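Novice: Read off the chains here:
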Amino acid sequence: MAEHILEMKGISKDFPGVRALNGVTFQVVRGHCHGLVGENGAGKSTLMKILSGFYPHGTYEGDILVEGSVRHFRGIRDSEHAGIAIIFQELALAPNLSIAENIFLGNELAQNGVIDAAATHQKTQQILKEVGLDLDPETLVGGLGIGVRQLIEIAKALSKNADLLILDEPTAALTETETETLLTILNRLRNKGVTCIYISHKLNEIFRITDTVTILRDGQTIRTLPTKALDEAKVISFMVGREMNEMYPYRSRVPGKPMLEVKQWSVADPEIPGRLRLNRVDFTLHSNEILGISGLMGVGRTELAKSLIGAYGKVVSGELYLDGSLQRFETPRQAILAGLNYLPEDRKGSGLNLMMDIKENMTLASLDRVSSRGVLKKNLEIVESERYVQKLAIKTPSIEQKTGNLSGGNQQKVALAKWMLCSPRVLILDEPTRGIDVGAKFEIYNLMNDLVEAGLSVIMISSELPELLGVCNRILVMYEGRISAEFSHDEANQEKIMAAACLNPTEQQ
Amino acid sequence: MNESIQRNIRQYTMIAALLAIWLIFTVLTGGIFISPRNLSNLFLQSATIAILSIGLVLVVVSGNLDLSLGSVAGFVGAIVAVLQVNFQMDTVSSIAIALMVGALIGLWHGYWIAYRRVSALIVTLGSFMIFRGGVIGVTGGATIGPMEDSFKFLGQGFLPELLGPESEFKVTGMVLALTIVAVLVAFEVVNRSNRRAHGLKVSSVGALLGKLAALSLAAAVVFLPLGAYQGVPMAIVLVLALAAIFHFIAQDTTFGRRIFAIGGNKEAAALSGIDIKKHILVLYVMMGIMTAVAGIIFTARLNAATATAGNLFELDAIAAVVIGGSSLAGGVGTIAGALVGALVMSSLDNGMSLLDMDVTWQYVLKGLILLAAVWVDTATQKKTRF
Ligand SMILES: Nc1ncnc2c1ncn2[C@@H]1O[C@H](COP(=O)(O)OP(=O)(O)OP(=O)(O)O)[C@@H](O)[C@H]1O
Ligand SMILES: [Mg+2]
Chain A
0 MAEHILEMKG
10 ISKDFPGVRA
20 LNGVTFQVVR
30 GHCHGLVGEN
40 GAGKSTLMKI
50 LSGFYPHGTY
60 EGDILVEGSV
70 RHFRGIRDSE
80 HAGIAIIFQE
90 LALAPNLSIA
100 ENIFLGNELA
110 QNGVIDAAAT
120 HQKTQQILKE
130 VGLDLDPETL
140 VGGLGIGVRQ
150 LIEIAKALSK
160 NADLLILDEP
170 TAALTETETE
180 TLLTILNRLR
190 NKGVTCIYIS
200 HKLNEIFRIT
210 DTVTILRDGQ
220 TIRTLPTKAL
230 DEAKVISFMV
240 GREMNEMYPY
250 RSRVPGKPML
260 EVKQWSVADP
270 EIPGRLRLNR
280 VDFTLHSNEI
290 LGISGLMGVG
300 RTELAKSLIG
310 AYGKVVSGEL
320 YLDGSLQRFE
330 TPRQAILAGL
340 NYLPEDRKGS
350 GLNLMMDIKE
360 NMTLASLDRV
370 SSRGVLKKNL
380 EIVESERYVQ
390 KLAIKTPSIE
400 QKTGNLSGGN
410 QQKVALAKWM
420 LCSPRVLILD
430 EPTRGIDVGA
440 KFEIYNLMND
450 LVEAGLSVIM
460 ISSELPELLG
470 VCNRILVMYE
480 GRISAEFSHD
490 EANQEKIMAA
500 ACLNPTEQQ
Chain B
0 MNESIQRNIR
10 QYTMIAALLA
20 IWLIFTVLTG
30 GIFISPRNLS
40 NLFLQSATIA
50 ILSIGLVLVV
60 VSGNLDLSLG
70 SVAGFVGAIV
80 AVLQVNFQMD
90 TVSSIAIALM
100 VGALIGLWHG
110 YWIAYRRVSA
120 LIVTLGSFMI
130 FRGGVIGVTG
140 GATIGPMEDS
150 FKFLGQGFLP
160 ELLGPESEFK
170 VTGMVLALTI
180 VAVLVAFEVV
190 NRSNRRAHGL
200 KVSSVGALLG
210 KLAALSLAAA
220 VVFLPLGAYQ
230 GVPMAIVLVL
240 ALAAIFHFIA
250 QDTTFGRRIF
260 AIGGNKEAAA
270 LSGIDIKKHI
280 LVLYVMMGIM
290 TAVAGIIFTA
300 RLNAATATAG
310 NLFELDAIAA
320 VVIGGSSLAG
330 GVGTIAGALV
340 GALVMSSLDN
350 GMSLLDMDVT
360 WQYVLKGLIL
370 LAAVWVDTAT
380 QKKTRF
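Protein sequence lines, in the order shown, are assigned to chains A and B.
Letter 256 of the first sequence, counting from 1, is numbered 255 in numbering that gives the first Met the number 0, and no numbers are missing.
Letter 375 of the second sequence, counting from 1, is numbered 374 in numbering that gives the first Met the number 0, and no numbers are missing.
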């Protein structure tokens with residue numbers, strides 16, 4: 000048996016106007032958990048898509064050797080037969096099918112074409128248990144949160160009994176607990192002899208679970224080293240090509256007048272009558288302030304943001320004061336015009352239009368500014384989007400690139416630019432750095448600081464405690480539709496926030 | 000590969016397909032197909048479907064559909080005929096009423112689809128039946144005609160000839176064609192210098208000349224036979240004008256941009272502050288008006304309204320739009336493509352009836368060609384994407 004379960008040699012891949020990979024060499028030792036890191040757009044996902052046959056043989060240069068022999072995958076089925084299972088960065092579950100149907104999609108447990116429902120049900124239950132999910136296999140995937148879906152993706156890959164498991168940013172949307180579960184599962188799999196390739200921008204995970212790390216930059220292999228021989232600073236400097244001393248550019252500020260006041264804000268649950276998704280939430284955001292909102296996934300942080308901008312219509316009660324005046328937004332349009340903007344958490348689902356190009360996405364929420372009497376001023380549109388491409392250092396051959404072709408991090412920057420173009424007064428950012436590399440994160444924090452300096456107030460919803468602690472002037476913690484605690488930057492620490500996020504506020508007292 | 004070529008590849012394939020269809024029919028009919036007289040007729044016949052397709056593109060781009068086009072066009076035509084024949088109404092008033100009826104029907108569709116959230120398929124399938132009933136009711140199952148002369152002119156008339164009515168070869172069309180080409184070239188040149196000023200990629204000079212050549216060829220193919228026969232029909236002028244307007248709406252207005260956004264990702268569009276309901280409502284009103292225009296032109300050409308007028312037009316229009324590269328999933332589509340698609344569909348009709356082909360086979364062939372067109376599309380798309 001070859002020592003390397005996988006070797007990729009001299010892999011190059013071109014897209015129109017972009018050389019995504021340039022002679023990449025990548026070797027994975029059997030039984031290892033192999034980390035793959037690099038900046039947004041470095042080519043990690045592309046490399047894995049080539050390995051999995053998503054980009055079939057003939058669309059790239061170079062060789063893939065599995066167990067020492069050259070393979071030509073024509074599609075994902077081929078790579079699955081060779082024992083490779085991939086979980087794409089973009090979630091790929093069918094929302095209108097149940098968990099069980101999704102897990103066995105394409106590999107149905109069937110006899111003569113008739114699906115064995117009982118066996119499917121039982122097998123699904125068993126696999127779900129392995130990934131720590133306690134759900135009915137018949138639940139429709141569409142109604143589930145993004146974190147749970149990610150675990151189902153993993154369950155699906157497990158069901159294929161793969162020798163080589165590829166995970167492309169599996170924890171980007173997971174809570175700490177879900178991440179723990181995932182890492183435990185991966186450890187267990189490694190003990191069973193499964194090799195895995197793990198892509199993540201969260202370096203602490205890389206250090207916790209990988210044996211070897213490969214660093215890509217601009218489509219080239221920079222280094223492959225044993226994890227033990229590395230530390231975070233070294234990995235970062237290999238990734239970005241220079242030293243990075245500071246991770247969180249905190250600026251302390253004196254908060255000004257109230258910019259956004261929310262009083263007794265409640266939102267009814269549309270599915271369960273009588274139940275409240277948000278229960279009399281009160282908070283104030285001041286000018287000259289970055290306010291963080293922490294909490295576990297599903298406690299109502301996104302609902303809070305969406306209900307504030309009027310995305311839920313009229314099921315809301317309570318009062319909202321924007322810069323001192325009482326407002327009642329029934330549509331996002333009203334909120335946008337009044338200067339309250341929201342960057343959604345799921346950039347592919349609700350942030351961007353992946354069929355449209357960069358400039359069209361950037362100007363979509365502020366079309367009135369780049370048009371007169373309904374006619375677009377295309378020159379102005381180009382100038383404005385050029386400006387933001389440069390300002391946010393978006394890596395793209397042109398502003399006419401489809402956003403669907405951008406790497407995840409660059410997509411996020413386009414989504415951010417869209418809202419900056421509206422020149423809001425209050426900007427709510429829902430998981431703004433999800434899936435973004437360390438360098439770009441730093442840029443985004445700086446950008447948030449600049450925005451606040453320019454007179455904006457910012458709310459940052461995030462599941463990553465270090466970044467909340469690192470950039471916010473004040474942090475709110477939510478628990479089950481309520482605000483359970485509030486900390487100033489100086490009081491806050493990881494333990495206090497976790498405690499407030501997991502406990503009922505009444506029990507706490 | 001050159002990016003702009005790649006982007007336009009499917010439009011080139013469709014034009015190639017159109018030319019292939021023409022070549023085949025020319026050979027099979029011993030040249031009759033390509034005669035000025037026949038081509039002239041073909042363009043005229045294609046006008047109705049072309050108008051419907053032009054309107055339908057944006058509806059399809061928004062992720063919706065309209066199955067009632069034929070019934071509504073027939074209904075509007077019947078109303079015009081009754082107004083003129085039974086109530087002696089003049090051309091202008093009857094057209095005004097017809098357009099209003101179209102707009103109201105569009106409003107009705109838009110209301111149910113946007114504000115009552117009934118699927119467009121069902122709402123317009125309902126109208127498909129309702130207004131087919133309407134046509135029969137209004138016409139009483141009989142043929143109603145003839146129409147006013149000034150009305151007939153819209154469907155049968157020609158642009159006045161610059162050289163006088165006796166001239167053998169009509170030059171008006173050529174003048175018009177040259178103007179159109181000149182304007183388009185001017186646009187292209189301005190556009191290029193603009194793009195260059197902003198550091199955007201511009202196509203090579205070779206590609207530009209190629210485009211110019213293709214454009215001139217297209218103009219020649221359309222306008223030479225028209226000139227050699229009876230001149231440029233009013234209906235064709237109307238089609239070109241409507242196409243220009245809708246192209247402008249699609250490419251250069253906030254409304255068009257928002258329709259593309261809605262079709263591409265509804266959720267993202269809503270969160271970007273786009274009033275989806277209002278836009279869909281307006282869109283269907285526009286579609287209703289376009290349907291009325293198509294009904295008027297059709298009635299004017301036949302010089303009468305019948306109970307079967309417009310039968311199955313919606314299917315031809317949908318086929319034309321899809322052949323022209325619009326995606327039924329929404330978010331993608333062009334007006335120019337739909338025009339090519341409309342020509343493909345009418346050429347099939349025209350060529351097959353010239354050949355006196357059995358109706359059975361006419362339907363079968365049209366169906367197969369639609370299938371092939373969409374298959375070619377998916378196949379080429381795959382290649383360009385990866
Ligand atoms: N389908 C495509 N068409 C055109 N360009 C593409 C396409 N897919 C990827 N690219 C480009 O290839 C480069 C590598 O992208 P890739 O998605 O592999 O990056 P990544 O390392 O996974 O980044 P991230 O961490 O943001 O996910 C980027 O510059 C991206 O814009
Ligand atoms: Mg990626």
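Errors might be hidden in some of the hints.
[Said to hold, decoys possible] With a straight-line cut-off of 20 Å between C-alpha atoms, the simulated DMTMM-like cross-links for lysine to aspartate or glutamate are: (1) A/K394 / A/E329; (2) A/K201 / A/E466; (3) B/K200 / A/E385; (4) A/K401 / A/E385; (5) B/K277 / A/E129; (6) B/K200 / A/E399; (7) A/K495 / A/E479; (8) A/K347 / A/D367; (9) A/K377 / B/D251; (10) A/K191 / A/D268; (11) B/K265 / A/E329; (12) B/K265 / A/D345; (13) B/K200 / A/E383.
[What the hints assert, rightly or not] Some, not all, of what chain B presents toward chain A, calculated at C-beta under 10 Å: (14) P145; (15) Q250; (16) E266; (17) A269.
Please keep in mind that the hints were generated in silico from the structure rather than gathered at the bench.
Quantities reported herein were computed from a predicted structural model and do not represent experimental measurements.
Glycine included, each C-beta is placed from N, C-alpha and C at the ideal position.
Novice: What are the numbers of the hints that this structure violates, sorted from low to high?
Specialist: Hint check: 1, 5, 8, 10, 14 fail, others pass.
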